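S.K.: Sequence:
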Amino acid sequence: MIYDPHNWYWLADDGRLYSSARNATISRSDGEYVAWSKKGNVATRWPVDASGDQTEGALQDVLAPYGVYLTLSALKECLKHALDKAAEIERLRCITPGSGQAMEYQQAAAEAGLLLAALAADPGHVPSAADYPMLAASLGIDGETLADVATTVAAMHAQWQAIGSAIRATRLAAKREIDLAQTVGAAKEVAGAVDWPVL
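The sequence shown begins at 8 in the numbering used here and counts up one residue at a time.
Just so you know, the hints here were simulated from the structure itself, not pulled from any lab data.
Incorrect hints may have been included.
[As the list claims (entries may be wrong)] Calculated lysine-lysine pairs in the DSSO-like style (CA-CA distance at most 27 Å, straight line):
{"hint": "1", "residue 1": "Lys92", "residue 2": "Lys195"}
{"hint": "2", "residue 1": "Lys195", "residue 2": "Lys182"}
{"hint": "3", "residue 1": "Lys182", "residue 2": "Lys87"}
{"hint": "4", "residue 1": "Lys46", "residue 2": "Lys182"}
{"hint": "5", "residue 1": "Lys182", "residue 2": "Lys92"}
[As the list claims (entries may be wrong)] Here are the computed distance ranges between Cβ atoms for each label pair:
{"hint": "6", "residue 1": "Gly120", "residue 2": "Leu79", "range": "44 to 54 Å"}
{"hint": "7", "residue 1": "Pro104", "residue 2": "Asp155", "range": "21 to 31 Å"}
{"hint": "8", "residue 1": "Ala173", "residue 2": "Gln113", "range": "17 to 27 Å"}
{"hint": "9", "residue 1": "Asp20", "residue 2": "Gln114", "range": "51 to 61 Å"}
Every value quoted in this text rests on a predicted model; they were computed, and no experiment measured them.
Ideal Cβ placement from N, Cα and C applies to all residues, glycine included.
All chains, full assembly: derive it from the sequences and hints.
M.R.: Here's what the structure looks like:
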């Protein structure tokens with residue numbers, strides 16, 4: 008028989024036998040397993056962890072790449088991790104990746120907020136480029152004056168807040184629904200129905 012991780016057996020040295028088709032530990036006298044064995048098939052030895060123990064975690068590590076999960080809990084964790092990755096892909100459609108880039112955006116937004124607040128308090132305020140280095144860096148690109156740049160940066164930041172918060176709300180709501188799912192099918196259905204915001 009050709010190895011199929013979705014329809015296979017793993018046998019531990021202590022006699023535990025796992026069936027991926029049934030997603031359960033079964034008896035070695037199980038009728039389906041006995042019939043399968045009589046065809047010349049041999050169960051794969053249950054894998055070991057770093058300590059050499061045949062644990063559920065070790066078997067899960069082998070099966071996860073094939074989308075096979077020993078428990079509903081393990082499936083939920085995988086689905087939530089996949090949601091986090093999908094959310095990041097959605098975010099990257101709007102922003103440049105990189106932690107340094109994120110810090111740059113944050114600093115520019117902070118400077119824009121400070122400058123616009125200063126101008127609101129004193130319309131005659133004359134800003135110095137030295138006080139707003141991130142804004143000054145995009146003079147002639149995002150605006151001709153520091154005030155123009157601050158207005159542009161603040162508008163882009165507001166757009167990002169709307170987009171980012173919508174992605175966050177979608178991600179967290181889906182993760183909560185996955186946590187509440189009572190069956191494998193229900194958890195997968197939630198993950199498959201995620202509707203990311205239109206950007």
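S.K.: Against this structure, judge whether each hint is valid.
M.R.: Results of checking the hints against the structure:
no.: 1; hint: Lys92 to Lys195; result: holds, 16 Å
no.: 2; hint: Lys195 to Lys182; result: holds, 11 Å
no.: 3; hint: Lys182 to Lys87; result: holds, 6 Å
no.: 4; hint: Lys46 to Lys182; result: violated, 43 Å
no.: 5; hint: Lys182 to Lys92; result: holds, 12 Å
no.: 6; hint: Gly120 to Leu79: 44 to 54 Å; result: holds, 45 Å
no.: 7; hint: Pro104 to Asp155: 21 to 31 Å; result: holds, 27 Å
no.: 8; hint: Ala173 to Gln113: 17 to 27 Å; result: holds, 19 Å
no.: 9; hint: Asp20 to Gln114: 51 to 61 Å; result: holds, 58 Å
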